[in-house]
Amino acid sequence: MITLNNVTKTYSLSKPGEYTAVHDVTVELPARQITVFKGPSGSGKTSLLTLIGCMVRPTSGRIHLHGMAEQFPFQKDESAPLEITGLPERFLTTIRRTTFGFIFQQCNLITGISVLENVMLPAYTTGERLSKVRERALLLLEQFAVVRHAHRRVDLLSGGEAQRVAIARALINNPTILIADEPTAHLDSKLSHEFMEIVFRLKQEGKTVLIASHDPIVTDSVQRDRVVELRDGVICEQGSNR
Amino acid sequence: MILRPATLALLLISLVVTGFSLTAAFHAMGIYERWDPTSGSEDQLDLEKKTSLISSIISYLFPLELLSLALFLFTAEELHPLFTGAMCAAGTLAVNAFGYPALLLKVVNALCAGVWLIINHLDTRAYDSPLIRLKYLFLTLMIPLLLLECFLLFSYFSGVKPDVITSCCGSLFSHDSPTLSGDLTSLPAGLMQAVFFTSMVLTTGSGIIFLRTGRHGRFFSVAAAVTFPVAIASIISFIGLYFYEMPSHHCPFCLLQKEYYYIGYGLYALLFIGAVTGISAGVINSFPPTHSLSNTVPETGSYLTRVAILCYLLFTLITVIEMTISPLRLSYF
Amino acid sequence: MITTRERHRNILDFALSSLGRRAGRNLSLLTMYCLLIFVLASLLFFVSALKREAARLLEDAPDLVVQRLVAGRQDLIPENYGAGIAAIRGVAHVEPRLWGYYFDSWNGANYTVIASDKPTVKDGIAAIGSGVARSRKIHAGELFPLRSPGTEPLLLEVGAIFPGTSDLMAADLIILTPSDFHTLFNFPQGKFTDLAVTVTNRKELPMVAAKIAALYADSRPILKSEIQRTYQSIFDWRGGMILLVLLSAVLSFIIFAWDRATGLSAEERKEIGILKSIGWDTSDVLLLKFWEGCAISLPAFLCGVIAAYCHVFFFSAPFFSPVLKGWSILYPQFQLVPVVDISQLLVLFFFTVVPYITATIIPNWRTATMDPDAAMRS
Ligand SMILES: Nc1ncnc2c1ncn2[C@@H]1O[C@H](COP(=O)(O)OP(=O)(O)O)[C@@H](O)[C@H]1O
Ligand SMILES: [Mg+2]
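Protein chains in written order, with the numbering used here: chain A, 230 to 471; chain B, 72 to 404; chain C, 4 to 381.
By construction, these hints were calculated from the structure, which means they are not laboratory data.
Any given hint could be a false lead.
Estimated spans, in silico, between C-beta atoms of each pair [said to hold, decoys possible]:
1) B:Y336 / A:E307: 41 to 51 Å
2) B:P398 / C:F322: 45 to 55 Å
3) B:P215 / C:V343: 38 to 48 Å
4) C:H11 / B:L384: 28 to 38 Å
5) B:Y103 / A:S469: 41 to 51 Å
6) B:P215 / C:H11: 28 to 38 Å
Where is the CB? At the ideal position from N, CA and C, for every residue including glycine.
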């Protein structure tokens with residue numbers, strides 16, 4: 230479970246372009262569920278995901294990851310949920326690379342190297358043997374039916390294939406939480422439905438999934454468990470479909 | 072001015088290290104004023120980013136400072152044929168008044184740099200950077216020393232002219248010379264041997280006690296620090312004599328020559344590593360206990376202690392072996 | 004610690020594969036770099052080989068040589084000076100020496116002519132260096148004429164030819180008997196070129212020299228150590244000059260590398276952004292750049308140094324010898340004895356590899372510290 234308490238993120242604080250993208254958000258995000266953040270463009274969905282995903286530190290407020298304190302002994306009280314708000318970047322990175330998997334709006338694959346290498350990339354810095362990582366990457370590619378492209382360059386992939394390679398990359402370090410920001414923006418409706426099914430499968434395997442989107446295929450899909458609606462950085466509505 | 076690649080390298084290293092340390096010290100003002108790891112303000116984030124950058128630059132540069140100490144000795148050794156009367160580095164350094172102060176300062180700065188690197192290592196491994204103020208305060212205090220070293224190096228090399236007639240180890244390190252080095256050589260060898268072995272026994276003994284019980288760390292550290300100059304004085308007073316197999320050749324530099332298989336570099340490296348690790352072991356042990364350091368401090372401390380003991384023991388072992396196999400026998404009176 | 008090692012290996016792995024992506028650009032960089040190292044290393048090898056050669060020559064030279072000056076120019080020294088010097092305390096032996104230069108108008112070469120009592124030469128039979136033999140195209144047992152101020156040229160038979168290919172001095176030698184020497188140059192009897200003085204205790208050399216100068220006001224004692232120092236500083240000076248020129252070359256190379264590296268393309272910037280967003284730390288990115296720098300500079304350094312070694316010691320430095328040695332037709336096959344000075348290599352390494360790696364890392368400092376969320380917003 231992830232809890233946010235009075236989380237605020239202000240960009241360019243006390244500078245000319247000061248802008249509060251996330252304003253006093255308090256929310257609980259249950260584990261092993263698909264939560265969708267819904268809202269128009271500029272409502273702060275991406276900002277909220279980067280805060281949860283240990284990419285950015287909030288200006289104020291607290292974010293806790295439950296059940297992680299043992300794995301990452303970065304605070305005095307090791308029985309309390311792990312607080313990620315006061316940690317310096319290199320420790321956030323340590324948490325992030327094994328806890329979170331990221332899927333971006335553009336697939337953000339690195340051009341010029343092979344599909345396989347792209348998938349392995351997040352594991353290069355964890356100190357794991359590459360041969361093991363390669364095995365796992367091939368397994369993932371097979372799972373997403375792109376294994377025949379493993380040694381091709383990513384430039385030659387179609388949109389749907391690139392998306393699935395990106396999902397495989399997000400899963401390479403076996404994260405518990407999957408974060409997807411506007412994952413269907415560049416996909417047609419068939420591929421978007423397919424994406425939601427993949428995500429549903431992953432949820433059944435025990436992953437917590439957080440998606441930011443304003444695509445109705447995602448926000449109104451049957452697979453999602455909860456919807457949190459944002460407007461101007463404030464939660465205006467949240468509900469579960471069960 | 073001697074334009075040799077090695078002297079250029081030395082000057083360059085000194086300039087770069089001093090320059091970056093100045094930048095870091097300037098940046099440190101921000102840390103003293105505004106550092107607050109619990110805050111998520113843009114200011115703090117910016118500060119953290121810059122700090123980690125600067126820390127890592129310095130942690131790349133300080134090893135260069137250590138390296139340049141060896142390079143300095145090496146250069147002094149290599150230049151000696153240029154000067155009338157110089158038979159080893161002792162003569163090269165005596166060419167003008169800046170040589171020996173530059174060497175002394177280089178040793179002090181290299182020791183400080185070593186300790187700083189260890190503090191930095193601990194600090195970056197702790198999630199709340201508990202040593203950040205200390206580490207930058209330390210760095211700021213090192214600035215005058217670094218500047219002075221830079222100045223001395225420049226003065227030394229620019230004042231070095233070939234064909235200068237210099238006095239070498241024969242006169243600098245002889246009983247009649249009215250200087251510190253002269254005084255060192257006239258200390259009775261028996262007394263110096265007693266002091267040397269006592270301090271080695273005290274250091275390694277207290278180190279072992281510290282490893283076993285975790286107590287008397289400070290004593291060990293002080294002992295390790297004191298042993299460093301004692302051992303160097305011992306090299307001048309009696310250890311060197313056994314290597315040279317000459318009863319009155321008190322030179323700490325000829326050991327760096329090929330005739331003695333460059334043994335000097337090994338001996339001084341052992342002493343230097345022993346001193347840095349020994350001092351650091353005490354320094355880090357005296358940090359206020361925080362949760363973030365609770366694992367790393369004992370771990371690193373015992374590692375450092377073991378390294379220090381090992382280095383000093385090896386040094387003593389080499390000394391004892393040399394004293395037994397050397398044909399020279401000193402009369403103690 | 005295994006994990007740290009794995010991390011390095013993995014990142015190195017990625018660095019290599021990403022260098023492969025920009026093969027053209029990196030290959031040209033590698034070539035240029037290699038060339039630069041080649042030139043610098045050749046120079047270092049060459050100068051230190053020459054230095055050693057000179058030192059070796061001087062080893063056999065006498066500790067103290069006494070010349071006579073007349074009107075500030077070197078003049079022949081009378082025999083009785085030798086007797087006077089031999090009487091000084093501490094002098095073991097005084098050997099009067101006869102030697103000079105012979106200009107061969109036939110091919111424009113200068114030979115060194117030395118008179119010797121050794122049994123290899125007899126009246127009418129001389130020993131010559133390989134350079135002389137080659138330039139005059141003569142072989143052992145043949146006769147060769149030398150012009151003399153007398154009416155007839157001096158005809159000498161070649162008794163032996165020194166084989167030495169590496170010896171700087173031996174190549175241009177002609178050794179003959181004192182009487183042939185006197186005939187050849189019409190050299191006055193009872194006078195000598197200079198005196199070689201040996202002393203019993205080397206430490207007394209300066210003192211003996213001072214006594215000689217006091218005894219004969221027109222004499223000039225020269226210590227071997229002085230000559231050594233002069234040689235050393237001449238080589239240092241010449242080497243230093245060229246080194247300065249080349250240092251500027253290094254500088255321009257650094258600027259070149261810097262220019263390439265600072266113009267971080269948008270693509271590279273985006274790549275770093277992606278790496279950071281998928282869990283690479285700032286230090287990981289910098290490590291990647293470090294390995295990228297190493298992957299170019301280390302092979303270039305190795306190749307350059309090996310090529311330079313071959314250039315200097317197998318091919319006798321065809322690019323440099325005119326500059327440094329003073330070209331002479333006597334040394335077409337001059338070969339240097341390999342000497343490698345580790346400390347010089349280290350310094351070369353320090354001045355080329357370290358700046359290059361720094362130049363590849365530094366432009367990436369700022370990019371590497373960019374926020375990991377940047378990739379989410381592009
Ligand atoms: N680094 C930044 N500096 C200033 N403003 C920013 C920055 N990043 C995002 N914003 C602003 O924050 C607001 C929320 O952005 P975002 O979280 O991306 O919303 P969404 O993903 O819902 O479109 C936007 O108006 C955007 O301009
Ligand atoms: Mg967005």
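(request) Find the hints from earlier in the document that the structure breaks and name them by number, from lowest to highest. (result) none
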